[in-house]
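*Asks:* The primary structure of each chain is shown beneath.
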Amino acid sequence: MWVSLMIPQSFRHLCDRSTMFVKNAIVLRKSLSIAASPKLTAYCLIVMLCIVISGTVYETSHGLLAAREHFFESWFSLALGVIPFPGIKLIAFVLLINLLFQALRFLKFPLKNSGLIIIHCGVLMLLAGALLASKMAHDYILPLGIGETSNTVMNFGDDELVIHSANGHDAADTFTDTVIPVEKLRNGKSVIVGDITLIIDTIHKFKNGTNNDNARNSLEIVMSYSAICQSASGNQLIVNSMAPAQKILCNDRTILVEVRPVTKNLPVSFTLKDFTKQLHQGTQTLKHVESQVVISGDNFKRDAVITMNKPLRYKNYTFYQSSYSEHQGKTYASFSVVYNPYKITPYIASLTIISGGLLHAILMIIAGKRKRRIICDAQ
Amino acid sequence: MMHNKKGMGRFLICSVILGILCISSVQSVSAIEFVDINKTANIVVFDDGREKPLDTYARKKLIQFSGRKTINGMSANVWLLKLMFNPSEIDTVEVFRITNPEVLDAIGIQGPPKRRYRYVELYPVIDKIESIAVNASKKEPTELLLFERDVLQLWLTMQEYNGLGAAFSAFDQFDEFSVHDSSLAEALQLEIHKAYSYGDIVKRSTVLSRYMRGINSEKLDSLSSTDAEVVRVVRSMYGICNQMENRPPFLVYSERGSSGNHWYSLWSFLCNNGADAFNDKRCSGFVALRNAYVNNDRKAFLNAAQQLSLQKFHGSQNPGIEVWYNKVNLMFFAKILLGISVILVLSSIFSSSGVCRKCSFLLVIVSAVLQGAALFMRILIQLRPPLASLYETFIFVAWVIVIIGLIYEILMRNSNGTLIASFGGFLFLFISGRYVVNGDTFGIIAAVLNSGFWLTTHIVTISIGYAGCLIAGILGHMYLIQRVRNTDKKRLDTTDTAVYLFLLVGLGFTVTGTVLGGLWADQAWGRFWGWDPKENGALLIIIWLTLIVHSRKSRLIGPELTSAGAVAGVIMVMLAWVGVNLLGVGLHSYGFTYSGLGMLIGVSLFEVVFIGITLSLAAIIRRRADR
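So the protein lines, in turn, are chains A and B. Heads up, the first sequence is in our numbering, so the first residue is 1 and it goes up one at a time. Heads up, the second sequence is in our numbering, so the first residue is 1 and it goes up one at a time.
It cannot be assumed that every hint is accurate.
To be verified - Capping the alpha-carbon separation at 30 Å, the derived lysine-lysine pairs in BS3-like fashion look like this:
(1) B:39 x B:358
(2) A:369 x B:39
(3) A:135 x A:315
(4) B:553 x A:30
(5) B:312 x A:287
(6) B:553 x A:371
(7) B:489 x A:112
(8) A:369 x B:553
(9) A:343 x A:310
(10) B:490 x A:112
(11) A:89 x B:553
(12) B:312 x A:277
By construction, these hints were calculated from the structure, which means they are not laboratory data.
Chain A extracted, bound-state conformation (with noise of 0.2 Å):
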């Protein structure tokens, strides 16, 4: 006591800044230890382990959908229904900042290590590039019968609340008023149509019970609106994505509401000019599958056929056969539609990790061949 009365002031406040600032630097350089510690890579590899098996155990009874939303494509998940455990973006993401100061840290850059170097600059961009793929990849469906046209694709992993509406009572010629994300949905949002207020009152989710891979998961909105208006059920409007769109009678004007897959209108049509599908006889395996097709846009026109392992590009679209339906005496081909303007990142990310390793492989070589030599002339 009698010391830090004899301190002056000014002294006293320097020596509590200058501890912090210690404090904080040990905070910090025990911080990037920990962002560079090889324990963490393991650790993450450890828990990136688990959630592979179990995601892929959970497809199995789940689908893949409802996989990819729990395990594979979100930031936490919850193991058992209940423990918080965190999914495989949060780990790529941390693997890739721990990758990022180990490589700082660690990696001394001699000609020997190059080609770990390269290696682990692919890994980094494949991660990378998977995050942001993640973010602004896009899958679409595209169903054609044959002789249809089209540039109306569907993303089945989403769904969207629609509501359209039309003067009178005739519903057949409405117009969309608005389109709202299901994910944007929460309890007691408000939508309003005209001189209607629509508001969400429940939002439910049902897992399909099937195995079946890309099975939708229903989705049902419990919705009240104003008095005035009449519907089958009062005042209240149950949507559900497996069924038709839910009629209301308003004040002469007839509104639509109804939960759909995710719609999007490509800057190209399409049209199914003839569909052909070829099983091994005796069999239900495919042989071979081809759609000739015809894409046109503002200023141009072409013919193009898509086959299997032979997809059409355009821009930062690609159109995949992905399968084909009959449906009375109809024949329906259904195509992917992927947008993804990072399409060339896997590529490149995988070329540099093969080149990487093999650099580092051929080095290896040398360096062993040399070690050898020195060991035989020391003898």
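Once you have looked at the hints, place chain B on chain A.
*Replies:* Just chain B, lined up with the frame of chain A:
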């Protein structure tokens, strides 16, 4: 006298030889023997979506029915031809395998249980079999009791057997095809009241058509006796065609039909083409073959067999190679040699015997050549890389392990390479046998796999990656055993270096293979990565190997845990290779299997117990040494 005796003896010997020669020459002129029937092995038939030699088809059917490749001294080919040409000869052969005693109780078969039953034993209870099978077929597959599933299988097998037995029944005489009207008989140039075959009648179908054109379909009740007889015969023809059409075997190739299908059963071809069918080389060839067999005319039989064998088809350019592949069974011999090599190399390690070491090395070389030849033959037969099924990946990985083991042995000369090659090769050839679908190791390729470049690069690379991991696993076992046995440090270090090296090889090739798979998926399905179970399987291996390699490099783990990790890597490889295929979901549906769960559990348990025991013993040894 002595001279006479000698002369007599010579005369007797000459007579016996001459007699034998005469008998054999007489036999060779008239009777058809098994060896002659086997000349039909190269004839191409169509089954399961591909053109294949009759030999492969026969083997597949016999294995499906009886679980055997030969029966009662008959090759599968002989058995099938006899069944098709004269079923009564085969009906008394024990062919139908019934292993479940509940099935015998359910269908009412009395007496001590046997492994196989004759058709004539099952025929009296066919009604019972049918009623159980019909009830079972109404249930969901998951609801079926074991005996119901087996009875249903037996019923389907009997149906197939009947189908094969009736393949040439168009040339058997039936009462339905006897003509009871004298003027019609005269017009058709047939004997009245005599039973004829469908083939006999269909040859005269132009005459019947002429009659039919004159018949007014609205006045069927007031037909003349000749017209009524024509209508009866034609109805019989339609009736039998409805029953017999589209049943395998598909023997006749024709491009006449408008559908994309070009292979027909003999019945289908006759029913669709009428008298014209006999102008077809293929159809008439089979008719000639069957008639020669029934009439026991060896020369005609061999001639017909040769003519049919000479006909080539696009999907089976080299049926002879496939027949040879089936007969020689190189993979089986390679497996036996590797099995012997395992014993020899183990005895060489424990007894330090140089002879055993050299012999085992030699056997592995021979085995590698046999495996390589077999794989090359598969390429020639299928005209594509032999990597489109689980069976093919297993035999390929077995070969890669043998080759890498040999190279390792040549470089290190410490028996480890021979042990890896012989043990790994034998084990995976043994496991491959579980994945032979219906006795036919060749299969059709799904449209998505129909890309020579990607199939070769992706699957070859990933298979080498699997092989690298498995070799690291085998070496991991060796390291842990050596550690427990307190082997000298130099030897331990050599094994440890090898474990680490092969982990790197496994990681490198698995990453490259997965990346190539991603590029292929991007080409075929529109995305580089889609979290499909098979993709996740490959990712499991990559994560596991990365974990071990990084941990080792960062000195988080030592040689013991690296080896334990390599051993656990075997579980990861089996999960990725077989385990995810058992899940039955995802886009890699061409690889789905229902076999291997037991093996997977067994391998996993064994490896976990092995790691547990060896690491514990190693820890005890270390503690003792520290004291």
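*Asks:* Decide if the proposed pair is consistent with the structure: residue 369 (chain A) and residue 553 (chain B), CA atoms, cutoff 30 Å inclusive.
*Replies:* holds (21 Å)
*Asks:* Would the pair residue 39 (chain B) and residue 358 (chain B) pass a check requiring their Cα atoms to be no farther apart than 30 Å?
*Replies:* violated (42 Å)
*Asks:* Is residue 312 (chain B) within 30 Å of residue 277 (chain A), Cα to Cα?
*Replies:* holds (26 Å)
*Asks:* Is residue 89 (chain A) close enough to residue 553 (chain B), meaning Cα to Cα at most 30 Å?
*Replies:* Measuring from Cα to Cα gives roughly 26 Å; hence the hint holds.
*Asks:* Could you grab the alpha-carbon distance between residue 553 (chain B) and residue 371 (chain A) and see if it respects the 30 Å cut-off?
*Replies:* holds (20 Å)
*Asks:* Are the Cα positions of residue 490 (chain B) and residue 112 (chain A) separated by 30 Å at most?
*Replies:* The given pair, whose Cα atoms are some 26 Å apart, holds under the 30 Å limit.
*Asks:* Would you check the hint for residue 489 (chain B) and residue 112 (chain A), treating anything up to 30 Å between C-alpha atoms as holding?
*Replies:* Holds: residue 489 (chain B) and residue 112 (chain A) sit about 28 Å apart, inside 30 Å.
*Asks:* Against the 30 Å threshold, does the CA-CA distance of residue 369 (chain A) and residue 39 (chain B) hold or violate the hint?
*Replies:* violated (58 Å)
*Asks:* Does residue 135 (chain A) pair with residue 315 (chain A) here, judged by a C-alpha cut-off of 30 Å?
*Replies:* Cα-Cα ~19 Å, so holds.
*Asks:* For the pair supplied as a hint, residue 553 (chain B) and residue 30 (chain A), confirm whether the alpha-carbon distance does not exceed 30 Å.
*Replies:* Given pair residue 553 (chain B), residue 30 (chain A) holds - Cα atoms ~22 Å apart, limit 30 Å.
*Asks:* Verify the proposed pairing of residue 312 (chain B) with residue 287 (chain A), using a straight-line Cα cut of 30 Å.
*Replies:* At roughly 21 Å apart (the allowed maximum being 30 Å), residue 287 (chain A) and residue 312 (chain B) satisfy the hint.
*Asks:* What's the verdict on residue 343 (chain A) and residue 310 (chain A), does the C-alpha distance respect the 30 Å limit or exceed it?
*Replies:* Since the Cα atoms of residue 343 (chain A) and residue 310 (chain A) sit roughly 16 Å apart, the hinted pair holds (cutoff 30 Å).
Of the numbered hints listed earlier, those contradicted by the structure are 1, 2.
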